[in-house]
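Student: Use the sequences and the hints to build the structure in full.
Protein sequences appear in the order of chains A and B. Each residue of the first sequence is one higher than the one before, starting from 1 at the first, in the UniProt record's numbering. Each residue of the second sequence is one higher than the one before, starting from 1 at the first, in the UniProt record's numbering.
Hints are supplied without guarantee of correctness; some may be wrong.
Copies of the same chain are indistinguishable here, so a pair counts whether it falls within one copy or spans any two.
Here are the computed lysine-lysine pairs in the DSSO-like style, where the Cα-Cα straight-line distance is at most 30 Å [claimed, not checked]:
hint, residue 1, residue 2
1, Lys118, Lys97
2, Lys285, Lys211
3, Lys285, Lys118
4, Lys118, Lys211
5, Lys97, Lys212
Because the hints were derived from the structure by calculation, they are not lab data.
2 protein chains.
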Amino acid sequence: MVVFSSLTPVFVAVLCVIIGFLFKSSQRRETRSKQERSDQTARPWVDEDLQDDTEISSKHNEGDDDWLDTTEEENLPHIPYTPIQYSATEMLERSEKFYSLMNLRRSVRFISPEPVPKQVIDNVIRTAGTAPSGAHTEPWTFVVVSDTDVKHMIREIIEEEEEINYRQRMGDKWVHDLKKLRTNWVKEYLDVAPYLILVFKQTYGILPNGKKKTHYYNEISVSISCGILLAALQNVGLVTVTTTPLNCGPQLRSLLQRPANEKLLMLLPVGYPASDAEVPDLNRKGLNDIMVTV
Amino acid sequence: MVVFSSLTPVFVAVLCVIIGFLFKSSQRRETRSKQERSDQTARPWVDEDLQDDTEISSKHNEGDDDWLDTTEEENLPHIPYTPIQYSATEMLERSEKFYSLMNLRRSVRFISPEPVPKQVIDNVIRTAGTAPSGAHTEPWTFVVVSDTDVKHMIREIIEEEEEINYRQRMGDKWVHDLKKLRTNWVKEYLDVAPYLILVFKQTYGILPNGKKKTHYYNEISVSISCGILLAALQNVGLVTVTTTPLNCGPQLRSLLQRPANEKLLMLLPVGYPASDAEVPDLNRKGLNDIMVTV
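Tutor: Pasting the structure below:
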């Protein structure tokens, strides 16, 4: 007890140091998580209800909810907008015709190797480029691959990742036949289709002074642009299937030598449909299931 | 010193309890953040390179990278796909014509109050509904508002939030004139446009048994659908402006009585352009700036 008693001041001192250390480190952890939280909320142009992985650079570039950067817009002259106008009858006819055409579109996995005029692909990409984008940043890059070797390398990257995806799922109840699955990770169309269109979103831009430029809503903008691309392909009788190759983005970006600000969003194999092409007998929801009138 | 000495065992005991408590709480914090991390990675169908806020329900619904749920597809009969085919000349002509039409599209903020036939709007929404979607979930709801009172309530919700957004930005260097800004948070077109189309993404679906159904890539799917919607509007000579009202989602969802699985993605005021409509004199990037050929 005497020994213990004489040691207590030392004990207390050591314990105080330990407590101080633990307290400090727990405080630091809290500060950090608070900072992380405030970093996430300090994005006035990002909707709290939506998620967005846009990379932010300077405050000077903060976006507007109606997708036009006010600073840039204020410096621009305004011009009258004189669009085509149709009569009510013409509008109705045009709307029906366009709907009928678009309603024939299907995702097709059986693509003919028959060559497609490159000029048509050029026009289809031009059309995709007319999409609106947050602050008119046009944050898209369309990589059109027709080179046989590159197409094959893309196929190898995707099938390797796909096989991992499928094999990892094999424990699930719904997977009972390896052979049946095999057809799923083999993507013949990647070799066969005359064109593969790899759509990259630019998560940020580079200003002339080398600084980063924020690309607001880049994923939504590029997806809108892909919608217009699909309409343009359907309009000329070409087919595709909308794919988002799982976890292949970095490898494909590196293969195609795309810069660090570009991320793969979609891959569209494009061509004529194969003569024996089949599609699953799916139905679309009716108008009353997708539209609410107020 | 005697008093101090006799108190030391109590001191030590109290200190030990404090240390134990601090140590435990710091451990708990670490475990939690580890769990959060593993929750984020345990989504095999979500690309690690892309972000997605899709809500996941059961493993049975895991999506495929080519957007069709394999289980569902296997149960579906396949039918031959016999699309329209055009000659090379026709394709080129069609692609040029469609590009010219789409290239005339501009985001227009000056919309005429002139009424628009509802049937045209119906067809335009039908057309948007032909978009592809992850696992064919069709995760979209288009709320078409023509009611004057509801339009005005929408305007009030949006302008109130907008005013906060703009006022909070006032400290920034690029903001120097309140009057100039004022024009930005006043959105007259919300009252004036004959239709407001509020596009909701369904972050998950509800199965007949009441369980949640995963809606893969729902934001990308709905954005693609909006791209087709914009093309359909342009095709009939109607104008709109793509807006993403900041932080108004929950209020608008509640006003329009949309269910909890729906989140506002976009709001499109639709109508004829006002006779004095102006647009900023913007240019689009050239083909070589958006396309890379390999």
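Student: Hint by hint, say whether it matches the structure.
Tutor: Hint check results:
no.	hint	result
1	Lys118 x Lys97	both (27 Å within a copy, 16 Å between copies)
2	Lys285 x Lys211	between (46 Å within a copy, 20 Å between copies)
3	Lys285 x Lys118	between (35 Å within a copy, 19 Å between copies)
4	Lys118 x Lys211	neither (35 Å within a copy, 48 Å between copies)
5	Lys97 x Lys212	neither (44 Å within a copy, 37 Å between copies)
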